[in-house]
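Chains as they are written, first to last, in this note's numbering: chain A, 1 to 281; chain B, 1 to 284; chain C, 1 to 120.
These are computed hints drawn from the structure, not numbers from a lab.
Do not rely on the hints blindly, as some may be mistaken.
Quick list of simulated restraints, FRET-style, between CB atoms [stated by the list, open to error]:
{"id": "1", "chain 1": "A", "residue 1": "Glu87", "chain 2": "B", "residue 2": "Gln27", "range": "49 to 57 Å"}
{"id": "2", "chain 1": "B", "residue 1": "Leu284", "chain 2": "C", "residue 2": "Glu107", "range": "15 to 23 Å"}
{"id": "3", "chain 1": "A", "residue 1": "Glu87", "chain 2": "B", "residue 2": "Ser26", "range": "46 to 54 Å"}
{"id": "4", "chain 1": "A", "residue 1": "Glu124", "chain 2": "B", "residue 2": "Lys152", "range": "44 to 52 Å"}
{"id": "5", "chain 1": "B", "residue 1": "Gln90", "chain 2": "C", "residue 2": "Gly45", "range": "22 to 30 Å"}
{"id": "6", "chain 1": "A", "residue 1": "Glu124", "chain 2": "C", "residue 2": "Asp40", "range": "51 to 59 Å"}
{"id": "7", "chain 1": "B", "residue 1": "His51", "chain 2": "A", "residue 2": "Glu255", "range": "46 to 54 Å"}
{"id": "8", "chain 1": "B", "residue 1": "Glu223", "chain 2": "A", "residue 2": "Glu87", "range": "50 to 58 Å"}
{"id": "9", "chain 1": "A", "residue 1": "Glu112", "chain 2": "C", "residue 2": "Asp40", "range": "33 to 41 Å"}
{"id": "10", "chain 1": "B", "residue 1": "His94", "chain 2": "A", "residue 2": "Gln107", "range": "29 to 37 Å"}
Every residue gets a Cβ at the ideal spot worked out from N, C-alpha and C, and that includes glycine.
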Amino acid sequence: MKIAVLSGKGGTGKTLVSVNLAAVADKGGYFDCDVEEPNGHLFLKPSLIGEEEVTSLKPVVDMDRCDGCKVCVTACVYKALAYIPGELMIFDEICHACGLCTYLCPQQALKETKRVIGTIRRGERGSLSVHTGKMRIGESTGVPIIKKLLKKLDDDLSIIDSPPGSGCLVLETIEHADYCLLVAEPTMFGAQNLALVHELTRVMNKPAGVLLNKVEDGLNPSELYAKEHDLKILASLPYDSYAALESSNAELLVERSEKYRTFFLELLKEVVDEATLAAQR
Amino acid sequence: MKQLLLLSGKGGTGKTTVATCLIQLSQAKAYADCDVDAPNLHLVLGTFENHSTKPYYDLPKAVIDPDLCTECGLCHQVCRFDAITRNPYQVIPHLCEGCTYCAHVCPSEAITLEETVAGTIELHTRGDETFSTATLKMGSGTTGLLVTEVKKQIKDKAKFAILDGSPGIGCPVIASLTGVDLALMVAEPSLSGISDLQRVIQSARQLHVPACVIVNKSDVNEELTGRIRRYCNEESIPFLGTIPYDKEAIAAINSGQSLLERGGPASEAIRAIHHKVMKELEAL
Amino acid sequence: MIIAIPAEEKSLDSVISVNFGRSPYFCIYDTEKQQSTFIDNEAAGRPGGAGVEAAQNLVNQKIDTLVAFRLGDHAAKVLSGAKIKVLKAVNLSIADNIAKVLSHSLEELNEVHPGGINKG
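Whenever a hint applies, use it, and build me the whole structure from the sequences.
Structure representation (structure tokens):
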């Protein structure tokens, strides 16, 4: 089963849930897709097995052939090219590697070569394999890194830690998921963002369920939303200053507390059961 | 017009909650939600009288005219983004990056580029107050342009404006920082929070925007709160105070009540911070 | 000398735009002819690459000096490659800044900020 953990809003506890689920499962893979700022490894502290580069293509110019016609400059919709007398400037970070300029150049002065846009680290923690993607700062998109990261998805069990938001990065992470676990906090803001990611799972036709996190007494708008929209609530975690403290220090709750170990074991079972049921439908 | 921007680096530190209180305490007449990926400010500001919207356009996306298409397959071959399906030949809009390569190669001129609305820019007013925000269509990306447009709408609408910023350090954050007078960083005492805080302070520095810092939910980890305080001292960044974790804050927000009306330790802490922020602004 | 200044409005009394890539207009001032023209900044409505396009357009206009508050690193590269001098604007009108250029009282703008789009 491939489980994506998402939240829409930042700070709801997505990573906390993902790393603790992965640690207690102690099998399969954990995939940190928050490639702009991956944090999962801080909790899991995997031993490094290998590192690989993620590359994209970039155009490179041969100025001996370039005659300054500027067809490429005009054609590039991203404005990644600029021409000043004697030099064609190419801005790799804005370039989307679409290949158009290289195709159009009447003098065939442009060629494409590889450039590094990020790295992937693979490690292990016991029987869990840990995959971390990191994007180079300044790059225009992290999608190619996520694509490469998820090539190693384990069909038996994969926990996919999605980035925040509901944009194209998140879309990429749930593309291959069998089930989406939505982590929601008990505020109006949390409910609002829960609605956004829920909509995303509907559009992508993915079965989903909710984990209510940091629950306090009183009204929980996220719980209300879930009930009103037939979204199954798999579990509820009360706010716990002990848990908050341990997590702020990047400690795994399942290692520090028997109570949490039990909780996450049960949650894992619930999630896998729900995912299996949904797959059969 | 003096502008105060709230940033955090990491998401979920409490920017919007603090921004709302500051808007109320300073009686700011102009405010904007620059976090267009996940706008929240409108949820706590009550209702407005007048509303106007305008579309926000992304790059035009390719469209294939099935009547002209001869199914030669060239477009599918050249598309690097897997955005063109075969049988029938169609563009998948959310995957299309608007590069126009397909339009250039199509021998039957069956491909045109069409304007794509990626979101909506909104302006809301009541009395002498102006609120600017935006919403993005699912799957769209935020860009500096959208944030710039949201900021433009409140320009010179009042003497003082408060901008609720977005998490991260990317282009939307850079665009929100341009031209503001003071950036208030709302930090949280966690390891991931601290590293994100340092990166966003860097961004503010590069744009010559003075920064100041507060720590929210400070009692979750006093040791890390202390670390942030020391970091600010070392870097000569004004440290304006801490806000304890307060479940009253959540209850207040959820019941639509102002945190300030409800009272409690968080409310008191924010009042004290408000005084210090206004003093910082005056000194600039 | 041909000077370019990012303008909020089409007037010599206008303030200088804090944005470069997304400034609504540019004032182009020819010191020999003592004439100013205002051009629309076509790059202003772009979701990304605004700095590069704006800089390219100014290079095409054959300016030799830019006066601005801030500049992104991509635009800066284009301008420095074309050997265009970049001076730091002061918080006065366009006309006042032009006068300061002529009296050599503006400093060079040395710091640039990171640029680039962030999609998704």
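Outcome of the hint check:
A C-beta distance of roughly 54 Å is found between Glu87(A) and Gln27(B), which places it inside the suggested range of 49 to 57 Å. Distance hint for Leu284(B) and Glu107(C): a CB-CB separation of about 21 Å, consistent with the stated range 15 to 23 Å. Range check, Glu87(A) to Ser26(B): Cβ separation about 50 Å, and the 46 to 54 Å hint holds. One distance hint, 44 to 52 Å for the beta-carbon pair Glu124(A) and Lys152(B), holds here, with the actual separation near 51 Å.
Against the hinted window of 22 to 30 Å, the Cβ-Cβ separation of Gln90(B) and Gly45(C) comes to about 28 Å, which satisfies the hint. The hint said 51 to 59 Å for the Cβ distance between Glu124(A) and Asp40(C), and at roughly 58 Å that hint holds. At about 51 Å, the CB distance of His51(B) to Glu255(A) agrees with the hint of 46 to 54 Å. Restraint check, Glu223(B) to Glu87(A): a C-beta distance of roughly 53 Å satisfies the suggested window 50 to 58 Å.
The hint said 33 to 41 Å for the Cβ distance between Glu112(A) and Asp40(C), and at roughly 34 Å that hint holds. Taking the beta carbon of each, His94(B) and Gln107(A) are about 36 Å apart, inside 29 to 37 Å as hinted.
Checked against the numbered hints above, the structure breaks none of them.
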